[in-house]
Each structure stands twice: as C-alpha cells, then as structure tokens.
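*Asks:* Sequence:
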Amino acid sequence: MTDPAKVRRHAERIRELVASVVRSQIKDPRLGMITITDARITADLRDATVFYTVLGDAAAQSSTAAALESAKGLLRSTVGKALGLRHSPTLTFVLDDVQDQVKHIDDLLAAARNADAEVQRLAASAKYAGEPQPYRLEDEVEDAEAETEDAGTEDEPRGGDRP
Numbered sequence: 001m002t003d004p005a006k007v008r009r010h011a012e013r014i015r016e017l018v019a020s021v022v023r024s025q026i027k028d029p030r031l032g033m034i035t036i037t038d039a040r041i042t043a044d045l046r047d048a049t050v051f052y053t054v055l056g057d058a059a060a061q062s063s064t065a066a067a068l069e070s071a072k073g074l075l076r077s078t079v080g081k082a083l084g085l086r087h088s089p090t091l092t093f094v095l096d097d098v099q100d101q102v103k104h105i106d107d108l109l110a111a112a113r114n115a116d117a118e119v120q121r122l123a124a125s126a127k128y129a130g131e132p133q134p135y136r137l138e139d140e141v142e143d144a145e146a147e148t149e150d151a152g153t154e155d156e157p158r159g160g161d162r163p
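No gaps in the numbering here: position 145 of the sequence shown is 145 in our numbering, and each next residue is one more.
Since the hints were derived computationally from the structure, they do not count as laboratory data. Keep in mind that a hint or two might mislead.
Stated by the list, open to error - List time: in silico BS3-like cross-link candidates among lysine-lysine, alpha-carbon distance up to 25 angstroms:
no.: 1; residue 1: K27; residue 2: K81
no.: 2; residue 1: K6; residue 2: K81
no.: 3; residue 1: K6; residue 2: K72
no.: 4; residue 1: K27; residue 2: K72
Produce the entire structure from the sequences given, and follow the hints as far as they go.
*Replies:* So this is what it looks like as structure tokens:
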C-alpha cells in the first residue's frame, strides 16, 4: 500500500508540472485560456486524472480538449521524468465544470430565498384559526367557577321547599 500523504504530494506535483508544461512548452494554437485546477492519482500511482477549466464557449473547450489529447505524450513523459517513478502515470484530462455547478447552486439559492420571502409574506397576514388565546387563564377559570356556583344555587330546590 502507498502512503496517502505520498499520493497527495504526487498529485500536487503532477498538477504543478502539467500547468507549467502547458504554459511554457505547448505551442498548440487550439489551446485556449486554460487553468489546471486539480490532479488526482490512484493509490498505485499508475493513473492520474487532471482537471482543467477553459475560459470561453463550447468551441474553445472542445479545441482545448483536442490540444491536450495531442500533447498527452509530452506531458506524460515530463511528469514521469520529474516524479522519478518506475512507471509514468497515464494522464486523463477532465473538463472541470465548477462554473456550471456554481451557477446551478446560485439558482437554487435564489429560488429558496424567493420561497422564504413568499412564506414570510403569507405568515404576516395570517390569522389564527380559532381564538387568539386558545388556553384558559387562571383569572378566567376562577370567574367561570364563580358563575357556575351562583347559577347552581338558584336552580337547586331548597331543603324546606320540598313537597
């Protein structure tokens, strides 16, 4: 097994190496405004995935993907020599769609804010279904008991009034 810290260091080194080679050695005109965002490598150090973003539209993204695929051999040999591993890791390039995910999350948050505002607007004009104070208070209980005692003495026949 490989140490996770070692794998993490190799992944960071691969990211730095690919970024520097793309910036300085690859002269492909199809290569757009590219940023290498992340690199991940398997625990056996054989396969590396490099994530990148491209500034521009879908055409710029597809042309940059083609340029990276054509430069994969140069990048792999540079990474292999710099890392000093027995086997050079194979490189796979993946377009990092962080911007699309950020936009989607922002849209969801805006929809949640609008729904919360609507709920608050409805709650401000809402009224209780029953009485405003549904519970009996102590003063009201004593008054109600006193009224029933007064009403109960009038309705009961007196002991001397029996036939």
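*Asks:* Does each hint hold? Answer for all of them.
*Replies:* These are the hints, each one checked on the structure:
1. This hinted pair checks out: K27 and K81 have alpha carbons roughly 21 angstroms apart, not beyond 25 angstroms.
2. For the hint pairing K6 with K81, the CA-to-CA distance comes to about 17 angstroms; that is within 25 angstroms, so the pair holds.
3. At most 25 angstroms may separate the alpha-carbon atoms for a hinted pair to count; K6 and K72 meet this at roughly 24 angstroms.
4. For the hint linking K27 to K72, the alpha-carbon distance of about 13 angstroms falls within 25 angstroms, and the restraint holds.
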